[in-house]
Amino acid sequence: MHIIVCIKQTPDHEGPRESYEINHDLNIVVPRGIPPVLSLFDENALEAALRIKDQRDDVKITIVSIGKKISNAVMIRALAAGADELIKMEDELFESHKLDSGATAQVMAKTVKRIGNYDLILVGRQASDWNSGYMGISLGSILNIPCITFAQKVDVQSDALIVNRVVDNGYEILTSSLPAVVMVTNELGELRYPAMKARREAKKKSIIKWNAADINLDEGKQLPKQPLVLVSLKHPSIPEKACRYIEASDPQTAGKKLIQLLVENNVLP
Amino acid sequence: MAKRYNFLVYVETDDKGVVTQLSLEALNAAKKTAEEGGASVSAMVIGEKVSRAVEELQFHNIDNIYVKEDVSLKYYRPRKFLAILIKIYRLLEPKLTIFGNSKNSLDFAARAAIQFDIALVTDCVKIEKDKEELLFTKPVYSNNVMAVYAGGSSPCIVTMRSKSTEPSERSELRQGEIIKLGEVDEPASEEYEILEAGALEDGGKKLADADIIVAGGRGIGGPEGFLELQKLADLLDGQVGSTRPPCDLGWVSPEVQVGITGTIVSPNVYFAVGLSGSFQHMAGMSGSKTIIAINSDSNANIFKISDYGIIGEYEPVLCGLISGIKGCST
Ligand SMILES: Cc1cc2nc3c(=O)[nH]c(=O)nc-3n(C[C@H](O)[C@H](O)[C@H](O)COP(=O)(O)OP(=O)(O)OC[C@H]3O[C@@H](n4cnc5c(N)ncnc54)[C@H](O)[C@@H]3O)c2cc1C
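Sequences listed follow chains A and R, in order.
Residue 265 in my numbering is what sits at position 265 of the first sequence, and the numbering runs on without skipping anything.
Position in the second sequence counted from 1, then plus 1000, gives you my numbering.
Don't read these hints as lab results, they were simulated from the structure.
Ideal placement from N, C-alpha and C gives every residue a C-beta, glycine not left out.
Covered stretches of chain A (chain R as the covering partner; in silico rule of three or more C-beta atoms under 8 angstroms from a C-beta of chain R): (1) 167 to 177; (2) 184 to 197; (3) 238 to 249.
So that you can see chain A by itself, here it is in the shape it has in the complex (with noise of 0.2 angstroms):
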């Protein structure tokens, strides 16, 4: 069987709030001085397919990476946990800010077509950056098979697709048919590290290099318009306040004393 795992290149999530600058001629965000990553819940994606392929022989990982410039350096963790080979879909068309959730799927959606064959595709439930989180529902849509959304298990039993989906407050456990678009959510449980020696024979793997005239997409005049305009970026405030910090002899003091003062201050009963 094979799996395509959709992954997105994006800013370290973690970097601290300096580094998302905002260029306000072009309103676009620059990342300043973090590394490139694996999108968050990509991760979790291709943790999905990993747990697939550890029940069965006969599985092929592909991972489909769209871009304006994708790094092997990233990409070789996503190989070195498991993945088989990687298709990088790589034009100047395709930076971030240009592609929306549903712009994204239209390219995914011609790559896949172009790749073939494929029994499951698996998306993260939202990318990091622009967290939109509904570039698998349009691909399901426009590759008209079905989308199950919040995935935190998934397997395939015989032919069928079963998917244990987070919802609030709950879980469903839903069947569907295959080929299929699952969009994985954290609760699944984080990607696996790969082992050094993993990592050395992941630089041996395939890297296929497509643009968008390989999927008949020159010159932007297929990607659609987005609907929205982006009107303005600005840094959030958070209010900051004045922290009274309690200090004591010892640590332990400090707990009782902070306790007393939160009493007196009416805070805790």
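Following the hints, complete the assembly by docking chain R with the ligand onto the known chain A.
Relative to chain A, chain R with the ligand alone:
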């Protein structure tokens, strides 16, 4: 005076048939924006038993309440629900449709936007009116940047992040026309079948409703440390919360995650123990009334939004807190 536009709010209910807090917030967002722009506000409720919710909604100053009740609608089913929305959409032609940011609503809103080929803003925290245009604010880059989008002249769909507005308040006046939707075109098939569905006892709701939360982060070091936090929470009649890493590492159950991808909370008292104060976490708890930080790093971000702080290793501090409370109560 005829209203110029129609707004539609998708209202969800909990397992007891009560309108969720998130839906009341979405309703309030719609009402506030409608006041500025002279729009009508309608609600839609879909479910197995919705009479309780419908009655409740009549006290929220809504123009029309669209209702579809059927045993087959106990759980959210994408195609079935979409077919119902399509019917309402044709009747109402809403300029703006507002959902809460629940998981099912996110799924539903996305399918609706694709169906109608219109814009979708997920995780919206603010809706404003600027002349004839609606503006939507959405945090991007893991809450480090706020993006403001303009919807233009075409209709839009948004999903509202929880706690980004106050919930709609109940009024004395009972009003609102109830419109029961008759037959709706049945979809030929569903995208998937439900084999099993259930509720989780220790869901995020407990956390969202808690008066006191004792939250731990990566600095807690393991599941044993969380048991200590649980002791403090129990003494205070509170709930344990967590940042993302302890959930991912399996130290605590994922439902207790606080933050933009977990539950958004605003309790009276929030203990932030061994957590640094990432923006993704702070956006989920900065609305707490009193914040108390315990961290060994005096430069930790969390102190900036805290009312009280102790700089130090958390273990002995926690010990002091626990004995302080036990001392008080005896
Ligand atoms: C799209 C996206 C969504 C996210 N959603 C969320 C979310 O909903 N919720 C969330 O929490 N995170 C979320 N994150 C992750 C977030 O970026 C941070 O990684 C996370 O919040 C950090 O958790 P932490 O503060 O526990 O860990 P750290 O940042 O590692 O902080 C640990 C802290 O513990 C202190 N410490 C260590 N040892 C001790 C000790 N013995 N005593 C006292 N203090 C000690 C350290 O000084 C440090 O400040 C999200 C990220 C992305 C990209």
